[in-house]
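Residue numbers (this note's numbering), protein chains in the order written: chain A, 1 to 115; chain B, 1001 to 1116.
For the record, the hints were derived by calculation from the structure and aren't laboratory data.
In this text, a Cβ means the ideal position worked out from N, Cα and C, and glycines have one as well.
Errors might be hidden in some of the hints.
Quick list of the computed label-pair ranges, beta carbon to beta carbon [as the list claims (entries may be wrong)]:
#1 B:Pro1116 x A:Lys78: 42 to 48 Å
#2 A:Met15 x B:Gly1016: 45 to 51 Å
#3 B:Glu1003 x A:Lys78: 28 to 34 Å
#4 A:Pro61 x B:Thr1045: 25 to 31 Å
#5 B:Ser1053 x A:Gln17: 28 to 34 Å
#6 B:Glu1056 x A:Lys78: 39 to 45 Å
#7 A:Asp63 x B:Gly1041: 14 to 20 Å
#8 B:Leu1019 x A:Leu27: 32 to 38 Å
#9 A:Asp71 x B:Gly1016: 47 to 53 Å
#10 B:Ala1009 x A:Gly59: 37 to 43 Å
#11 B:Lys1095 x A:Lys62: 20 to 26 Å
#12 A:Glu44 x B:Pro1040: 15 to 21 Å
#13 B:Gln1054 x A:Ala53: 26 to 32 Å
Lysine-lysine pairs mimicking BS3-like chemistry, simulated, CA-CA at most 27 Å apart [as the list claims (entries may be wrong)]:
#14 A:Lys40 x B:Lys1103
#15 B:Lys1042 x A:Lys78
#16 A:Lys11 x A:Lys78
#17 B:Lys1095 x B:Lys1068
#18 A:Lys11 x B:Lys1068
#19 A:Lys40 x B:Lys1042
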Amino acid sequence: DARVTQTPRDKVTEMGQEVTMRCQPILGHNTVFWYRQTMKQGLELLAYFRNRAPLDDSGMPKDRFSAEMPDATLATLKIQPSEPRDSAVYFCASGGQGGAYNEQFFGPGTRLTVL
Amino acid sequence: KQEVTQIPAALSVPEGENLVLNCSFTDSAIYNLQWFRQDPGKGLTSLLLIQSSQREQTSGRLNASLDKSSGRSTLYIAASQPGDSATYLCAVVLKPQYSSASKIIFGSGTRLSIRP
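Put together the whole structure using the sequences plus the hints.
See the structure below:
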């Protein structure tokens, strides 16, 4: 069953705490995207990787956000320190060899609430 | 700056009707356009991907068209069913002029409700 998986599905944390979200792309996909969705801003691209190297992270607040791909089966998005304005649903998506030019497959998302 | 607009924001139609959802973009230099559906509390499901060289794509009751010159794409849903109720989003992929990374811009979506 080829799906993108994300953990945790829900996270509630206090302001100032570190948050780590994980994503397992579809096996064989070499492009991973991180998005954030809020009612106000809609869906925004934070960063994406191809072959584990960051291609574009211009949408990500660099002072507190970091994204990595330790290996081909795991992508992480970390927020340190977290703030209430980071509350959103964070989606991971993966795609094939063509990078952003290929079809994207989304995970179920991580709903983050920062109190 | 590329902007992607979806109008209307919400649409309600009776079951069985054919309908069209719209997606407009300001910069015609796109590589492709993708349509997704999103059910409440869920991730996005890919529906159709149209490359810039294509005019349309079809999958079952869905047909997506692309007119780059006018900056428009439409998603046609035939014989609508209550199960089609969801939010439909379009996304364009474009390459900025002085960057090696493509940009991906999503529209804000059209919330579709099919009345039984």
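(request) Hint by hint, work out which the structure violates, then give me just those numbers in ascending order. (result) Hints 5, 7, 10 and 18 are the ones this structure does not satisfy, whereas the remaining hints hold.
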